[in-house]
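Fit chain X to the supplied structure of chain B, relying on the hints for placement.
There are 2 protein chains.
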Amino acid sequence: MLSKSQISFVNALHQKKYRKEHALFIAEGSKSITEFLASDYSVDTVFYTPDALPNLSKLSQKVKQLEISASELKKISALQAPQDALALVRIPERTNLNVESFKKKFTIMLDGVQDPGNMGTIIRTADWFGFSEIVCSQDTVEAYNPKVVQATMGSLARIKVYYANLEELVEQAAIPVLGAVLDGTSVYESSFGKEGFIVLGNEGNGLSPTLQRALTKRITIPRFGKAESLNVAISAAILCSELRRKS
Amino acid sequence: MLSKSQISFVNALHQKKYRKEHALFIAEGSKSITEFLASDYSVDTVFYTPDALPNLSKLSQKVKQLEISASELKKISALQAPQDALALVRIPERTNLNVESFKKKFTIMLDGVQDPGNMGTIIRTADWFGFSEIVCSQDTVEAYNPKVVQATMGSLARIKVYYANLEELVEQAAIPVLGAVLDGTSVYESSFGKEGFIVLGNEGNGLSPTLQRALTKRITIPRFGKAESLNVAISAAILCSELRRKS
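Order-wise, the sequence lines are chains B and X. The first sequence begins at 1 in this note's numbering and counts up by one. The second sequence begins at 1001 in this note's numbering and counts up by one.
With the rest of the complex left out, here is chain B (with noise of 0.2 Å):
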């Protein structure tokens, strides 16, 4: 049974404040718990119903546990729907970036994206188009949000997300910067070379003007209807097909 305490724990770890402090996430769900078991990250304890025993054959005893019931799960989950299992997962410390480890491939790197179901769903596409990592300006929206966990369906367990002075880290890394923007070369006469940033921009406001200025290549999704801008995770998602569509 869950005591109070537990409960006021896990729900303070609904907020950006106490995951700082106690540098624990949230991820929900079996399917997603068994991506964080079986990945990098240390999982601390696991919540569980039932339901969700049969589903969780990675999780060895080495790992705090206790079942509960749904009503109980209830009490702690961020979801308004919540799943079958709760995991409190440590928030690794990503703070020593190697410029050097961005040659010879691509990264994704977001400028102040704010909305956690497009942070949650590039990360997710990320993942799918064989990426390794997204860095993030420190505006962009916390990766270990409830919200953004949930979004990337297991995928955060995989994807490395660092958060960095963006500016410094194009001009040290010295590799191309390949930017989304309305007025630059259509994305399908595009080439992409073999390594750098693909660097997307906030929803309403776009790229940072320094990044702008940054930018070695500039790359346009055509448009063909009357919509006046594309979803930020969309675009990123279109660059990502196409990045690999030539590649």
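FYI, nobody ran anything at the bench for these hints, they're computed from the structure. Glycine included, C-beta positions come from ideal geometry on N, C-alpha and C. You may find that some hints are simply not true.
[Said to hold, decoys possible] Pairwise CB distance ranges (calculated):
#1 B:Leu182 - X:Ser1071: 31 to 41 Å
#2 B:Lys17 - X:Gln1080: 48 to 58 Å
#3 B:Lys74 - X:His1022: 47 to 57 Å
#4 B:Lys246 - X:Ser1229: 21 to 31 Å
#5 B:Ser5 - X:Ser1042: 29 to 39 Å
#6 B:Lys246 - X:Lys1075: 49 to 59 Å
#7 B:Thr210 - X:Thr1210: 45 to 55 Å
Chain X alone, transformed into the frame defined by chain B:
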């Protein structure tokens, strides 16, 4: 000033039942409202804050209108962060589906898409890529749900959304039915032809068995990494992009 009965009338329209009863839906923000004013839709009432007025040049005296305060807007808005105006727009009657109208073009078909954000993003993406219609199964989320309207960013004003029995429709239309599945031909190598339905399925279950059987072409977005699946709006976007790239 807003009356109590106006407040409760607008709030009732947050629910599907009352939208159906009154044949009205809510569109928010002067930018989006302007798109509806410029479209075939009939805008019934516009509630605007003083800030919105300069952006509502298309608002004629024929439309019912009322200036309200930001705090009044908060009382009727369906958004967590209300914008500058809210309009009531008439839901068009779209019952007579002309099967012939689907020939010699491509139409997006949604089979049980449930998430309002996905639906809205698909409508916005369809508008970007120059589609004019989307046909949905009866169990697809309602296009006039405030969260859908919001996610379309005004594109709902240009995309006609129909609800129909899809099995009957594909049989009667007798044009190719191209579906996104996990075990088809690579989208990069597929030819789309000159007409057809582009079918996307439910977030969890994909296409319904009957529609699976009706497919004339099975298309897959190649996977380069480890994610189990793609978000449905992402899949739709990549199919639309590939279709336009090749046409």
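Now the hints, each set against the structure:
For the hinted restraint 31 to 41 Å between Leu182 of chain B and Ser1071 of chain X, the CB-CB distance of approximately 36 Å keeps it satisfied. The supplied range of 48 to 58 Å is broken by Lys17 of chain B and Gln1080 of chain X, whose beta-carbon atoms lie about 20 Å from each other. About 34 Å separates the C-beta atoms of Lys74 of chain B and His1022 of chain X, a value inconsistent with the hinted range of 47 to 57 Å. Range check, Lys246 of chain B to Ser1229 of chain X: Cβ separation about 23 Å, and the 21 to 31 Å hint holds.
Here the CB-CB span from Ser5 of chain B to Ser1042 of chain X is close to 57 Å, at odds with the stated 29 to 39 Å. The beta-carbon spacing between Lys246 of chain B and Lys1075 of chain X, approximately 52 Å, falls within the hinted interval of 49 to 59 Å. Restraint check, Thr210 of chain B to Thr1210 of chain X: a C-beta distance of roughly 53 Å satisfies the suggested window 45 to 55 Å.
Against the hints set out earlier in the document, violations occur for numbers 2, 3 and 5.
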